[in-house]
Structures are given as structure tokens and as C-alpha cells.
Amino acid sequence: MNYGDAAKRYALYTIVLIILFFILAALTPYPIFFLGLVLGAAFSLLNLYSTYVQVKRLGEGALEGKKKFAFGTVSRVITAVLCLLLAVSNPHIFDLVGVIIGLMLTYAIIMIEPIFHIKRLQ
Amino acid sequence: MGTIAIGIGIIAGLAAIAGAIGVAIVVKGTLEGITRQPELRGQLQTVMFIGIPLVEALPIIAIVIAFLLLGNM
Chain A
1305 MNYGDAAKRY
1315 ALYTIVLIIL
1325 FFILAALTPY
1335 PIFFLGLVLG
1345 AAFSLLNLYS
1355 TYVQVKRLGE
1365 GALEGKKKFA
1375 FGTVSRVITA
1385 VLCLLLAVSN
1395 PHIFDLVGVI
1405 IGLMLTYAII
1415 MIEPIFHIKR
1425 LQ
Chain B
150 MGTIAIGIGI
160 IAGLAAIAGA
170 IGVAIVVKGT
180 LEGITRQPEL
190 RGQLQTVMFI
200 GIPLVEALPI
210 IAIVIAFLLL
220 GNM
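Respectively, the protein sequence lines represent chains A and B. Converting from the first sequence to our numbering requires adding 1304 to each position, the first position being numbered 1. Converting from the second sequence to our numbering requires adding 149 to each position, the first position being numbered 1.
Watch out, some of these pointers could steer you wrong.
Partial chain B-side listing against chain A, Cβ under 8 angstroms, derived [what the hints assert, rightly or not]:
#1 V172
#2 V176
#3 G178
#4 Q194
#5 T195
#6 I199
Sample of chain B residues lacking proximity to chain A, with all beta carbon distances greater than 10 angstroms (derived) [claimed, not checked]:
#7 I157
#8 I201
#9 G220
Restraint-style ranges between C-beta atoms, simulated for each label pair [claimed, not checked]:
#10 B:G178 with A:I1327: 38 to 44 angstroms
#11 B:I174 with A:I1397: 38 to 44 angstroms
#12 B:L218 with A:I1327: 31 to 37 angstroms
#13 B:A165 with A:L1328: 23 to 29 angstroms
Treat the hints as calculated values from the structure; they're not laboratory data. Bear in mind that the values here come from a model prediction, so they are computed numbers and not experimental data. In this text, a Cβ means the ideal position worked out from N, Cα and C, and glycines have one as well.
Kindly produce the complete structure, drawing on both the sequences and the hints.
Written out as C-alpha cells, the structure is:
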């Protein structure tokens, strides 16, 4: 099992959910909440890509026996704070609760998705 | 107001400590495994790729709560 495939799968799920949130923002009477979800999910996708790059660099470094420096966690926290700043400065466009739920979207996908593979692993 | 400021500092500090220790344990274990058995690199990197977000989710939530408290001060 390659971690690149897992990363692509998680990214695909997140992109599908972002498109779904866009459609729901257009159709339902709660556009601010769903636009907040879209913003949070987009930054969450960015965090997923950051994790992918960090894992790739560290793996290569371990094989080559070289030291690799990464600012993975710090960059992801800064991304989350930037997303919140964007939401707080534009409360008429993005709902804060939606943004927070959206930020945790890929983490939730990563936690939930392996449940569907338990049968295959057994 | 002072109590909230102290609370924000404690939340952010504990989140930073928790995130640092958790990610360090995950990365250390994986890198040791890759160095010992390079042929298992793909599987170990998958575990690291899933493990890092699992550890990082709570510190990010804590930072978000600290930031929201900062906005309410």
C-alpha cells in the first residue's frame, strides 16, 4: 500500500465534499454556513498536501541518511489561524462554526476512512 | 480579562507541547523503522501519513479555541 494513493483518495473525497458544499450553498437557505465549510475544507486540503510533502521529504531523508528540516506542524497551525482570520474578518460571507468544522474535515476523513477497509485488512 | 489571557497562554502552550511530543514520537518510530527495514518504506510512510494528522488534530483545535478566546477578550 502506497501512501500516495491514500493521499490522492483523501484529497478526492475532500474535493467532492467541497463541490457538494458549493452546491448546497447555492441551493439551501444557509449559504454563509456552507461557504464557511468550503473555506475550511479548502484550507484543510492545503494541510493534507503539506502533510504529504512532509512525509515524502522525511522518508527520502531517512533512506539517504541525511538530515531533513521540516516546518510541517507549524505551517499547518499557521494555515488554520490564517483561515480563522479570514473568517473573522468577513463574517457576512463565512460562518465561523462552518469554518472550524471544515478545517477538521480531512482529519475526520482520515479517521473514518480506514473503517471501510477493516474487512479487507482482516 | 487577566484570567482569560492566562487561559489563552496555557491552552496555546499545552497545545504546542502536545503537538511537538506527539508528532516527534510518530516520526521517530517511523524513521527508525525505515532505516532498519527500507523495503517497508511504503507501509511505514502510510502509517506516518495517517498518524501525523491524528496527533495534530487536537492541538489545532486547541489553537483554534485559544484564537477564538483571544477574539472575545
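We went through each hint and held it up to the structure:
Given the 8 angstroms rule on beta carbons, the hint for B:V172 holds: about 6 angstroms separates it from the nearest Cβ of chain A. This hint holds: B:V176 has a C-beta 6 angstroms from the nearest C-beta of chain A, less than the 8 angstroms allowed. Contact between B:G178 and chain A, as hinted, is not supported at the beta carbon level, the nearest pair being about 12 angstroms apart and thus beyond 8 angstroms. Below 8 angstroms, beta-carbon pairs count as interface contacts, and B:Q194 has one with chain A at about 4 angstroms; its hint therefore holds.
Checking B:T195 against chain A: minimum C-beta separation of about 4 angstroms stays under 8 angstroms; hint holds. Hint on B:I199 holds. Least Cβ distance to chain A is approximately 6 angstroms, under the 8 angstroms limit. No beta-carbon of chain A is positioned within 10 angstroms of the beta-carbon of B:I157; the least distance is around 13 angstroms. With a closest Cβ-Cβ approach of about 6 angstroms to chain A, B:I201 is found to fall inside the 10 angstroms limit, against its non-interface label.
Annotated as non-interface, B:G220 brings its C-beta within 10 angstroms of a C-beta of chain A; the closest such distance is 6 angstroms. Distance hint check: the CB atoms of B:G178 and A:I1327 are about 42 angstroms apart, consistent with the given range 38 to 44 angstroms. A hinted range of 38 to 44 angstroms holds for the C-beta pair B:I174 and A:I1397, which are about 40 angstroms apart. Between B:L218 and A:I1327 the beta carbon distance is about 34 angstroms. The supplied range of 31 to 37 angstroms therefore holds.
Distance hint check: the CB atoms of B:A165 and A:L1328 are about 36 angstroms apart, inconsistent with the given range 23 to 29 angstroms.
In the structure shown, a violation is registered for the earlier hints numbered 3, 8, 9, 13, in ascending order.
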